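Peer 1: Chain residues, written in single-letter form:
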Amino acid sequence: MPVIDIKNLKKYYKVHQKEPGLSGSIKSLFSRKYYDVKAVDGVSFDIGEGELVGFIGPNGAGKTTTLKVLSGLLYPTSGHVSVLGYTPWDRKPAFQKQFSLVMGQKNQLWWDLPAIESFILNKEIYEVPDAQYKKTLDELVELLDVADILKVQVRKLSLGQRMKMELIAALIHSPKILFLDEPTIGLDVVMQKKMRDFIKEYNQRFNSTIILTSHYMDDVKELCQRVIIIDKGKLIFDGALDEIVKKYANHKLLTVVFDKKVDQDKLSEIGQVKEFNFPKAVISVKRTAASMAAAELLQHFPVADLNIEEPQIEDIIREVFTGADVA
Amino acid sequence: MRKYFTVFSLSFQNEFTYRLNFILWRFRNVLRILMTLFLWTAVFSSRDAALGYSRTQMISYVFLVLIIQTLVLAAPSNDNVGGEINNGDLSNYLVKPISYLNFWLSRDWASKFLNIIFAVIEFSLLWLVFRPQLQFSENMVHILLGIIVWVVGIFTYFFLTKMAVFVAFWYPENTWGIMFIVLVFMEILSGFIFPLDVLPTMAQSALQFTPFPYLIYYPVAILIGKFSIAHSLQFLLQSLIWLFITHFLAQKLWRLGLKVYSASGR
Numbered sequence: 001m002p003v004i005d006i007k008n009l010k011k012y013y014k015v016h017q018k019e020p021g022l023s024g025s026i027k028s029l030f031s032r033k034y035y036d037v038k039a040v041d042g043v044s045f046d047i048g049e050g051e052l053v054g055f056i057g058p059n060g061a062g063k064t065t066t067l068k069v070l071s072g073l074l075y076p077t078s079g080h081v082s083v084l085g086y087t088p089w090d091r092k093p094a095f096q097k098q099f100s101l102v103m104g105q106k107n108q109l110w111w112d113l114p115a116i117e118s119f120i121l122n123k124e125i126y127e128v129p130d131a132q133y134k135k136t137l138d139e140l141v142e143l144l145d146v147a148d149i150l151k152v153q154v155r156k157l158s159l160g161q162r163m164k165m166e167l168i169a170a171l172i173h174s175p176k177i178l179f180l181d182e183p184t185i186g187l188d189v190v191m192q193k194k195m196r197d198f199i200k201e202y203n204q205r206f207n208s209t210i211i212l213t214s215h216y217m218d219d220v221k222e223l224c225q226r227v228i229i230i231d232k233g234k235l236i237f238d239g240a241l242d243e244i245v246k247k248y249a250n251h252k253l254l255t256v257v258f259d260k261k262v263d264q265d266k267l268s269e270i271g272q273v274k275e276f277n278f279p280k281a282v283i284s285v286k287r288t289a290a291s292m293a294a295a296e297l298l299q300h301f302p303v304a305d306l307n308i309e310e311p312q313i314e315d316i317i318r319e320v321f322t323g324a325d326v327a
Numbered sequence: 001m002r003k004y005f006t007v008f009s010l011s012f013q014n015e016f017t018y019r020l021n022f023i024l025w026r027f028r029n030v031l032r033i034l035m036t037l038f039l040w041t042a043v044f045s046s047r048d049a050a051l052g053y054s055r056t057q058m059i060s061y062v063f064l065v066l067i068i069q070t071l072v073l074a075a076p077s078n079d080n081v082g083g084e085i086n087n088g089d090l091s092n093y094l095v096k097p098i099s100y101l102n103f104w105l106s107r108d109w110a111s112k113f114l115n116i117i118f119a120v121i122e123f124s125l126l127w128l129v130f131r132p133q134l135q136f137s138e139n140m141v142h143i144l145l146g147i148i149v150w151v152v153g154i155f156t157y158f159f160l161t162k163m164a165v166f167v168a169f170w171y172p173e174n175t176w177g178i179m180f181i182v183l184v185f186m187e188i189l190s191g192f193i194f195p196l197d198v199l200p201t202m203a204q205s206a207l208q209f210t211p212f213p214y215l216i217y218y219p220v221a222i223l224i225g226k227f228s229i230a231h232s233l234q235f236l237l238q239s240l241i242w243l244f245i246t247h248f249l250a251q252k253l254w255r256l257g258l259k260v261y262s263a264s265g266r
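Protein chains in written order, with the UniProt record's numbering: chain A, 1 to 327; chain B, 1 to 266.
Hints in this document: simulated from the structure, not taken from any laboratory.
Remember, predicted model here, so these are calculated numbers, not experimental data.
No incorrect hints appear here.
Residues of chain B clear of chain A, computed beta-carbon distances all greater than 10 Å: (1) L34; (2) D48; (3) S54; (4) I117; (5) F155; (6) W170; (7) P172; (8) L207.
Covered by chain B, according to a simulated footprint, are these stretches of chain A (three or more residues, beta-carbon under 8 Å): (9) 88 to 99; (10) 121 to 130.
Don't be surprised by glycine CBs; every beta carbon is placed ideally from N, CA and C.
Same shape as in the complex, but just chain A (with noise of 0.2 Å):
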């Protein structure tokens, strides 16, 4: 049984429309125009206990409302949402305690006092016993190294620090769900690798179900055996990673350095010329004649160096959510 289920779920916003300056500021005083906006558009899925899934999309796709409904913060338009067989936005305490929501650009924990006096808060607020408290806390801190930190006001720890505190906080109760909304937004390279690979262990240890939206495709590369793409609302794709490049990408790249000059319209003729600087060059062909272009260019062209290559999931992705051909 999926722990969490959603069907054909729909949020719709009324947002008013102003008309540009302080005219438009007096006319909007008297009469509103008011739109949809259809942040989610009709999505399903569901996630089975255990799976870190990332969730992937551009600013406004809709995955921060998703999340939102997930947690009970929005009751949606319409759909079935089920989430620990619980309704999200019925706010049961039951079902509060079993999950957690960590935003990268809000922090819970009391900005003046030491990061330690939030979790004792947080350990009273999900009623976590004593010696469970002690455990947990104890694992925490040294999964990610804060134990000389604990009693500095959190106002003076780095972004780094307090996004550790933060996820301390929000995994004192053990959460057996945890939505994750950019955990390493702001973070520098360094910190970023940290909290992957605290988020991994995390997940292998407890067996806990993690959501995570981010803008950073290392963090879902890394991370997450499926993806869940949407845009504009709507669902576009769900599956393993390695699926996205065999269902959106029906060309390879070549990467060849070449010994002399070449022709780059002779290069034209075998696919099509990416990147030309000399001496190295990216051509995109055909998935399927792929080898048959390689064999070409090692026959024909004075090749040192030949590389054939799966194009980024970056550009895969970029193209994808641009509509343009993914090549």
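Please build the complex by placing chain B on the supplied structure of chain A, with the hints as guidance.
Peer 2: The following block gives chain B in isolation, referenced to the frame of chain A:
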């Protein structure tokens, strides 16, 4: 219950974070007491009675008002709840098994608790310096009833101001304006600025049917023995009715507001 006690304790610690701010805040409080004291001393320097109050009665009234208001009016929730609704920080609480109203009630009580500790110290010092003549009811029943009405008023004030703040659910841009108007009205109509019995009888009896005088005027007036026991009991009963009404309405508005909040999201 324990979760709210922890909230109380954290808020208490939080208040001590900024030492300078804390000292200035207490200093401001002492200044305010001094100013009120000097004002009324000046008024009574050339006469023995004004507005139907003798010098001792009036000084007792304002002195008590200043003590009572430290517990009634101190409420960090007034400054924060509207903002949290506007910027969406409310979401942090909504996903947790905790009542947002009780959370802020606990935080308010922490602030009140701190306030009363320092108020007692400051008032004792000032009293030692100026030795104003004070006159309270000698009947312990008055004192008891006065204190109960006072405590009931503290809660009524909380729910009243939260009703004003919940407007943020519908008009996110206007919270502070509405709060300000409500607070000004409340200060005048509660008897914070002057004792309400200087008003025409008509106005006084009309005010009885609003929640405001129960916040400050009635507890103070009962404590200084202005009313008979029977009257005091009647006011206690009415203050309880107001507590019930404001509690009900605040809860109602909260639930309606949450519907709007979870329809639109912030």
